[in-house]
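So the sequences go chain by chain: A and B.
Going by the working numbering, the residue at position 438 of the first sequence is 438; the numbering climbs one at a time, nothing skipped.
Going by the working numbering, the residue at position 250 of the second sequence is 853; the numbering climbs one at a time, nothing skipped.
Among these hints, one or two may not hold up.
[Claimed, not checked] Derived lysine-lysine pairs resembling DSSO-like cross-links, with alpha carbons at most 27 Å apart: (1) Lys12/A / Lys653/B; (2) Lys684/B / Lys653/B; (3) Lys47/A / Lys798/B; (4) Lys780/B / Lys4/A.
Keep in mind the hints are simulated off the structure, nothing from the lab.
Residues per chain, in single letters:
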Amino acid sequence: MAEKFASERNIKFLLYEVFDVASLLQYPYYSEHSVEMFDIITDTSMKIGRDLLKPCLMEMDKEPPEFANGTVKVHPVVRTFMQECGEGGWISSIAPFESGGQQLPHMIDFIPRFIFAAANYSASVYPMLTTEAALLIESFGSEELKNTYVPNMFAGKWQGTMALTEPQAGSSLADIATTAEATDKGYYKMRGQKIFISGSEHNGVDNVVQLLLARIKGAPAGVRGISLFVVPNKRFDEQGTLVPNDVNVTGIYHKLGYKGCPICQLSLGEEDDCRGYLVGEPNKGLGYMFQMMNAARIGIGLGAAAIGSAAYYASLEYSRERPQGRRSTEKDPTIPQVPIIEHADVKRMLLFERAVVEGALSFLMQCSKYSDLKMVLTGEEKEKNALLLDLLTPVAKSYPSEMCVWSVSQGLQCLGGYGYCDEFPLEQYYRDVRIHPIHEGTTGIHGITLLGRNVSIQNGKAFQLYLEEINRAIREAEGFAELKDYASELKDATAKLEKTTSCLLSIAKEKGQDVFLADATLYLELFGIVSIAWQWLLQAIAATRALRNQLTEEDVLFYEGKIYTFRYFFGYELVKIEGLVKRLSRTDGLTVDMKQEHFFDGM
Amino acid sequence: MNLIACVKQVPDTEAQIKVKADGSGIEEAGIKWVMNPYDEFGVEEALRLKEKAGGTVTVVSVGPARAMETIRTALAMGAEKGVHITDLDNADAFATASALAAAIKEIPFDLVFCGQRAIDDDSAQVGSILAELLGVPQVTIVTKLEVADNKIKAVKPIEGAQLLIEASMPCVVTAQKGLNEPRYASLPGIMKAKKKPVDVKKAADYGISADFKANVAKMMPPPSRPPGKIIQGDDPAVKAAELVKLLREEAKVI
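Could you put the whole structure together from the sequences, leaning on the hints where they help?
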């Protein structure tokens, strides 16, 4: 079975040569860290990924969680891993020192998360969800909530979740119907149903803490009536022992992939004894939840890129070893066959994978750098980074999610028939990665968010900042003779994105919201391709600069490989925007006009 | 208890090793370096003893500047301080052990851990020479260890049996797989490691010269495996007879 799942070399290239993570050390908030420590973090993460997580990858797929007697039995590695993540400080890594965390830069925190997800996506979700839920309590919860829940969650003893979806309220959160009835004892009585809740009950932890959206009785309809609650599966009684909190698992879903983590249906308050604890103020729950959701969305992008990375290395390893066919110029059938990586079409598939995975990871690191700068800077600079992060979150979630489905598919294709069989991990990666365009907001939702909301934030200020960021890279690339033509291609593409955006915004006025947003997903696709081209230009600048130095043979190959992949992205992917631009400028409202009856074609 | 763990930085077990064209050693470019896995068992055992009985763990390493990362890794696992002797490149086992002994003599010690061998040169001598130079008992290839009343009881597997060996302290123990499961460095541990003291020394500080008793004259990659042979024919009995003949006369294994 393929061994390599992530590249330390590439991670270090991005951290140190493209994004200069060391520049964060100048800020007091991050001054306790050092590059030497970052290397040990990468090293230790690889070790945990390789020794603890990867060996259980296929097992967790073949023996998925079992639901029996009201609880869900998961693979034993879940408990071991949660303990390791708790004791090792991985769950609380980005929390401030005073909350028991390590105040790690977001860019560095991405490294263990990426590596764990590449080694075993299902396993990586348990601590990740716990981090995000605990940080949400840290941000908005009362002291009592913080003291009761956060330490146990940071310690990996209690699982955190986000419980939003209901049978009638999936993408449409405004329709949430779970109710919370105030009591005079400081808690609310919860009643309702939640579905598709990841990790919401399992025996890998001692308790599960749902960060749950519900409606306080009498609250206004729609999103302005949604509040955030902590609803533990077990609560402390007066003696301080954990007792059931009337949170009942009614079933688990049988999924296509990502099988190692249970997704449950929950029924709250069947015995009228489910207690929820309000987080922050009433009716402000959705706003609070967005903190967790936005972090989780970037996390989803990272998870998709991680699976893409594992699939890339598995298909690369196979393509190097599998002999099949001869060069087209070779007429002698008795000479040995060549490894399939010698065939241009296989190289094209591998390049596609690498271009998508490393481009996506670069973009995600760019976003994490905005998170860090938002944290350490003040005033206008802080706001600038916050706006960029806000603008780009749908892209950071959706580009890796959508494109890694294709990239893993190409990886599977490299293995031919073996790719389709379970002797190799590609078929599992293909199934595992498919969740990503769906959870944490479908691609369609993110398209609407990007076009319908984000590009117009502060009258388009965020979008202008984004264009300036790209222009800065273009100007820098123009200083390298080798990159000039590519800089001009990106300039052209960015101008098309800008023009398409203003054209669509004027359509909103002329033809209304429906036509304006009808192809928002395609707009998101266009935006994604331009963004990743920008990231490849940044990587090409770093690689070109490096190639001017005296290097070892390995380093020359690495940087030249980067340049080939960069050229691939521009030559094969960036050109795809032409069709998208053409479609997006034809605002004929085709999908709006067509009636559902038109799909009727007889019985 | 004063515990010492000797560590060596070696190429990762999964690294692709290439021998230099001139046979003087391996190509180091692009290699990932890790703590010798057997030394890791030693570090872990020292940490467990410290956690049980109190004391300090000092990590000592002979190796070039990059070996500092291995020392920091041991500090991140929980050791208190380090000693790094930096200028003995390609040292033989005797010079390495001499440098370690000189460094250790300056620290009070009750128990010294080494890996039973390093996975790069496989010489398996450093621990033993070190014990001789320190003038203390040694127990090698240990898979289980108990410490009580200034004595150790160590289990050492041998062909078909196990020995239970008692030795007085101070002494040297070389660690074998099975002794324990080494922990992963924790994030708080990694943060603290940065501030822990490491003494950087030269061999000359201990009066050791780089004139080694043994030198690697030449390094050669293992010979490539000869191609297999397929016995042709239709009759299994004839083919089996041919196989026996080849195994006896050509391969000389039966």
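Check your understanding: CA of lysine 780/B to CA of lysine 4/A, is that 27 Å or under?
Key -> holds (24 Å)
Check your understanding: Taking 27 Å as the top limit, are the C-alpha atoms of lysine 684/B and lysine 653/B close enough?
Key -> Holds: lysine 684/B and lysine 653/B sit about 13 Å apart, inside 27 Å.
Check your understanding: Quick one, are lysine 12/A and lysine 653/B close enough, alpha carbons at most 27 Å?
Key -> The given pair, whose Cα atoms are some 35 Å apart, is violated under the 27 Å limit.
**Study point:** Proposed proximity, lysine 798/B with lysine 47/A (alpha carbon, max 27 Å)
**Key:** Roughly 23 Å separates the two Cα atoms, so the pair holds.
In summary, the structure is inconsistent with hint 1 from the numbered list given earlier, while agreeing with all the others.
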